[in-house]
Amino acid sequence: MMGKLGFVKILVIAAEAGRVTRKYPYEPPLVSSDFRGKIEIDETKCIGCGSCVLACPPNALVMSDEGEGYRVLKYFVGRCIFCWRCIDVCPVDAIKGTREFELATDNVEDLDEAVIHKRASCTECNGLYSTVKQKAYVMEKAPITENYVDKCPECRRNKLLRAFEKRRGGESLE
Amino acid sequence: MIEIAGVSILVALFIPTLLDGVERKIRARIHSRIGPPILQTWYDVLKLFGKDFFVPANAVHTVMLLFMSLAIQILLIGYTCIAVVAPITPYDLVVIAVLAIISQAAFISIPLTIANPFSIIGASREIVLMLVNEGAFLALVGLYAYYTGITAFSSIGGASPTLYTLLTIFALYIFSYVASSRIPFDIAEAEPEIASGLLIELSGPLLGVFLYTLHLKRFFFKLFASLLLLALFIKTGALLLASSIVLTIVLWLVYAVIANILGRSRVDLASITLLKAYLVIIALSVLGYFLEV
Amino acid sequence: MVNKQIIDNYRELALSLGASDFAHSGDTVYIVVDRERLRGLAEALYWKKNCYFRTCAATDETKINGFLALYHIFGDDRNGLNIVVKTYTEPNNPVIPSISDIVPAADWCELEAYDLVGVEFSGRKLYRFMLPPTWPKGLYPLRKDTPYNYRPGLPVSGERISESPVSAVVPVGPYHPALHEPEYFELYVEGEKVVDVKYRGFHVHRGIEKLAETRMTYQQINFLAERICGICGFEHSVCYAQTVEKAAKIDVPERALFIRSIVLEVERIHSHLLWIGVAAHLLGYDTGFMHSWRIRELVMYLAELLTGSRKTYGINLIGGVRKDINEEKKKKILETLELVEKDFKKLVDTMLGVPELVKRLKGTGILPREEARKLSVVGPVARGSGLDRDIRRDLPYAAYSYAEFKVPVYDDGDNLSRLLVRVDEVLGSISIIRQLLDQLPRGEIMAEDIEIPEGRIATSSVEAPRGENVHFIITGRGKPYRWRIRAPTYQNIPALKIMLEGENLADAPLTIASIDPCFSCTDRIYVIRGGNRYRMILPRRY
Ligand code: SF4
Ligand code: SF4
Chain W
0 MMGKLGFVKI
10 LVIAAEAGRV
20 TRKYPYEPPL
30 VSSDFRGKIE
40 IDETKCIGCG
50 SCVLACPPNA
60 LVMSDEGEGY
70 RVLKYFVGRC
80 IFCWRCIDVC
90 PVDAIKGTRE
100 FELATDNVED
110 LDEAVIHKRA
120 SCTECNGLYS
130 TVKQKAYVME
140 KAPITENYVD
150 KCPECRRNKL
160 LRAFEKRRGG
170 ESLE
Chain V
0 MIEIAGVSIL
10 VALFIPTLLD
20 GVERKIRARI
30 HSRIGPPILQ
40 TWYDVLKLFG
50 KDFFVPANAV
60 HTVMLLFMSL
70 AIQILLIGYT
80 CIAVVAPITP
90 YDLVVIAVLA
100 IISQAAFISI
110 PLTIANPFSI
120 IGASREIVLM
130 LVNEGAFLAL
140 VGLYAYYTGI
150 TAFSSIGGAS
160 PTLYTLLTIF
170 ALYIFSYVAS
180 SRIPFDIAEA
190 EPEIASGLLI
200 ELSGPLLGVF
210 LYTLHLKRFF
220 FKLFASLLLL
230 ALFIKTGALL
240 LASSIVLTIV
250 LWLVYAVIAN
260 ILGRSRVDLA
270 SITLLKAYLV
280 IIALSVLGYF
290 LEV
Chain E
0 MVNKQIIDNY
10 RELALSLGAS
20 DFAHSGDTVY
30 IVVDRERLRG
40 LAEALYWKKN
50 CYFRTCAATD
60 ETKINGFLAL
70 YHIFGDDRNG
80 LNIVVKTYTE
90 PNNPVIPSIS
100 DIVPAADWCE
110 LEAYDLVGVE
120 FSGRKLYRFM
130 LPPTWPKGLY
140 PLRKDTPYNY
150 RPGLPVSGER
160 ISESPVSAVV
170 PVGPYHPALH
180 EPEYFELYVE
190 GEKVVDVKYR
200 GFHVHRGIEK
210 LAETRMTYQQ
220 INFLAERICG
230 ICGFEHSVCY
240 AQTVEKAAKI
250 DVPERALFIR
260 SIVLEVERIH
270 SHLLWIGVAA
280 HLLGYDTGFM
290 HSWRIRELVM
300 YLAELLTGSR
310 KTYGINLIGG
320 VRKDINEEKK
330 KKILETLELV
340 EKDFKKLVDT
350 MLGVPELVKR
360 LKGTGILPRE
370 EARKLSVVGP
380 VARGSGLDRD
390 IRRDLPYAAY
400 SYAEFKVPVY
410 DDGDNLSRLL
420 VRVDEVLGSI
430 SIIRQLLDQL
440 PRGEIMAEDI
450 EIPEGRIATS
460 SVEAPRGENV
470 HFIITGRGKP
480 YRWRIRAPTY
490 QNIPALKIML
500 EGENLADAPL
510 TIASIDPCFS
520 CTDRIYVIRG
530 GNRYRMILPR
540 RY
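Protein chains in written order, with numbering that gives the first Met the number 0: chain W, 0 to 173; chain V, 0 to 292; chain E, 0 to 541.
These are calculated hints, taken from the structure and not from any lab test. Every residue gets a Cβ at the ideal spot worked out from N, C-alpha and C, and that includes glycine. Treat the hints with care, as some may be off.
With the C-beta cut set under 7 Å, the calculated list includes, among others, these residues of chain V facing chain W [what the hints assert, rightly or not]:
| # | residue |
| --- | --- |
| 1 | Ser31 |
| 2 | Arg32 |
| 3 | Ile33 |
| 4 | Ile257 |
| 5 | Ile260 |
Okay, derived cross-link-like pairs now, PhoX-like style, lysine-lysine, Cα gap no bigger than 25 Å in a straight line [to be verified]:
| # | chain 1 | residue 1 | chain 2 | residue 2 |
| --- | --- | --- | --- | --- |
| 6 | E | Lys361 | W | Lys3 |
| 7 | E | Lys345 | E | Lys361 |
| 8 | E | Lys345 | W | Lys3 |
| 9 | E | Lys496 | E | Lys478 |
| 10 | E | Lys344 | W | Lys3 |
| 11 | W | Lys8 | E | Lys358 |
Using the sequences and the hints given, assemble the complete structure.
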């Protein structure tokens, strides 16, 4: 159009565009409604089932048994990739996504969160298994007797084996 | 009289760095950004002065050359400001041309004293460009003196606005643009190509001095051309000096815009194009002189 | 669907050249051949059948059949076929004849197989390529008995440029101040002319394949795959997901395929805008850089709205996608595209009017067509050198068969051609998104039951902004047994040598960037005497 001086048009483009940068952090950031940020775990809802731990790609969520009879679900934001897979898989909707992303801190402990669960103890062998809340959840959702859920998987299996043995008339399974 | 010169010198020493801040603001505007505050370049330079004094390895002459070119640059500005209002020698133009060449030579020797390939490549690019540019500068100043018979600022009011003088002065503006190493002529720095070339090893106060010298240089060459131009119309020394400074400021802003709508050239392209441009202008001007237009 | 006649031709060819097995499934032909016959077959495929070379994948199959295996993957793009050639070798004497003299494009992947799996190639020079120089001999990371988290405790090895006559220590290593990634080119220059180029990369080899094969699950790997590339990661996660889907024969709902294509094109637009900005920056035209990125920002925001994240979209799973596009978003896409298209056209118009820019793009960094073909380069590099290839058209995946688009091809092979290809592709992508949104079918976005049997093989490709990604998978239990990834830059970097030699140093960063290696510039420069201005600075041999 303007022949050899066409490149001057960039000034027009700039004028039309105006200023597009923001005075962040003095102005709110430009984050859309669908942005995936940090997650929040509702410790009152969480039953400590560990599904989220299995789904989490970068091990931002881990679960470990600690101290006397506790199972701890730990969330370390530093590893989180904000994929929200944990939200997808949580059976009780205990995890909520937020739009928070300003997570920088000078204290690394701010990046850790934990949900502490009391583990259930087996009525038969007194061993620890699962968590108290998960036990309650299973009982509520499935038509199983308390007697069954009260035992740890080990004792449950032994009980089952014994039942088999009885039915087969005392034959050994080996 | 001398107060005016004094004030002008102070202005001329302070304002170039400020103008760089304005240039950054203009650049930001053309980029559709908010950009830094106008005083940012001053903040930068002052901050650099506050850093550790670090001399690059094996660069013994760097510091000396750097301060030498800063001193000459300040001298140039001081000399010019005084000479315009109060006569110093009858050969002001010669003095200025010589000082300018020395300062440029010192400036360009800085990266050559540093044993870093990027630095050396940057310097060698600058030398190629300078050969053309400084050569043209000498020729143009010579032509001006030849046409008008003026070699001192005290008699500068005697020049008349002929076409061929105007052409020479126009070419001096081109010279001042190239000497300011703005895009497309920032090939010696060329950050993404040769990692800031001649700047690569400079840091802290040294970098501060380097940048400040560069700002003064940019200011001075524009001021010089503006003096010659405005002297054609304004005959009182003080008014001439003041208006030239104003014109320099305006030009700075214009240059800032130009630099932001162009891309970087290449050393071979730039020197050839430049040489051609100078030759054409000088030829036209000489032709004009003999045809008396 | 692939013509039966063509498959029969391949069968005939393979069997006549002594292949011991031949199979065909979907768009892939599998050939098993003895070591001795491999070279003959490779030559016939690469030069007679005019196939491209995609990559090769060495696999430790000792757990399955007691052998090591090498899969050469060729691509007959014209007929929409992948050709996988498998060769076995014994783990105690793993020698396979090299084909890199016949197929120059196989050079890198052979070296990689040698380094990571320990396959010895006869008839070529083998050297350390990926692993650090101090890595213990005989320890092959991708062998199945090497644990993924094994750290051999390497001594820290530094490289120092020796003192030169001018006693310079050049403090620019892989972390060049102007570089954004630890890639490492040595440009040997004479004056300002480049006379030789050496590349050394893999400083940031992350062991992604190994990680996936040992520690992750099928669905988790989607997110890992997305992190292969910092710009076009979604392409990798799509490629991974669709390769597994292909291996397991999972039917992905159409709507999911459409969404994948739409998001892929969004990614292409922002990737190309990024590149155009970087190119402008390298040419000192920062104004163009800023405006290109200003426009890109609209696309980034759109991406976030569509997927939940600006860059690592995280919406892919095997079997479909996790996030739907509703009417409101559809409207928003169309609005944004409208703006982007208008602004982009104006910007490109203006940019190509800047005199220095065009002068420095035209005729620099030339890659002639024959060389491009020899090296099987991909993406805009191939299309800028007159090779008409684009996986989206040749082996359509996701929903590309529903859209009409032109594949831009330019013949000059210079930096300008590659720029123009990308410019055209941005506009092409905008049109594709519009077409797909228009036809977006209703329905589910996730397949119902997903079952991935063990021991299946599949390979598939996607056309990423930088060229084709190739993924190759052998399925295992809960995770892939072998996952091989080939990113486009892997295929294009060898072409840089040709592009750079005889070039001006000033144009080198642009030329290197012109293959779009996720931002890259010159790294380290050695100055050779001859330009007689410089003295020589010698690197110490390592
Ligand atoms: S958002 Fe993703 S990475 Fe973060 S905790 Fe949940 S599953 Fe893990
Ligand atoms: S209840 Fe939800 S949050 Fe708690 S462990 Fe299970 S999946 Fe995780």
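E:Lys361 paired with W:Lys3 [C-alpha distance capped at 25 Å]: holds (17 Å)
Pair hint E:Lys345 and E:Lys361, alpha-carbon separation not exceeding 25 Å: holds (21 Å)
Agreement of hint V:Ile257 with chain W interface, Cβ distance less than 7 Å: The hint is violated - V:Ile257 has no Cβ within 7 Å of chain W, the shortest such distance being about 10 Å.
W:Lys8 paired with E:Lys358 [C-alpha distance capped at 25 Å]: Within the cut-off at roughly 19 Å; holds.
Per-residue hint verdict: V:Ile33, partner chain W, C-beta under 7 Å: holds (5 Å)
Chain W contact restraint on V:Ile260 - CB to CB distance below 7 Å: holds (5 Å)
Hinted pair E:Lys345 and W:Lys3, Cα distance within 25 Å: Status holds; Cα separation ~16 Å.
Hinted contact V:Ser31 with chain W - closest CB pair below 7 Å: Hint on V:Ser31: holds, closest Cβ of chain W at ~4 Å, below 7 Å.
Satisfaction of hint between W:Lys3 and E:Lys344, Cα-Cα up to 25 Å: Cα-Cα ~18 Å, so holds.
V:Arg32 as chain W interface residue, shortest Cβ-Cβ below 7 Å: holds (5 Å)
25 Å Cα cutoff - pair E:Lys496, E:Lys478: Not satisfied, since the Cα-Cα distance of roughly 38 Å exceeds 25 Å.
Going down the numbered hints, you'll see the structure goes against 4, 9, while the others check out.
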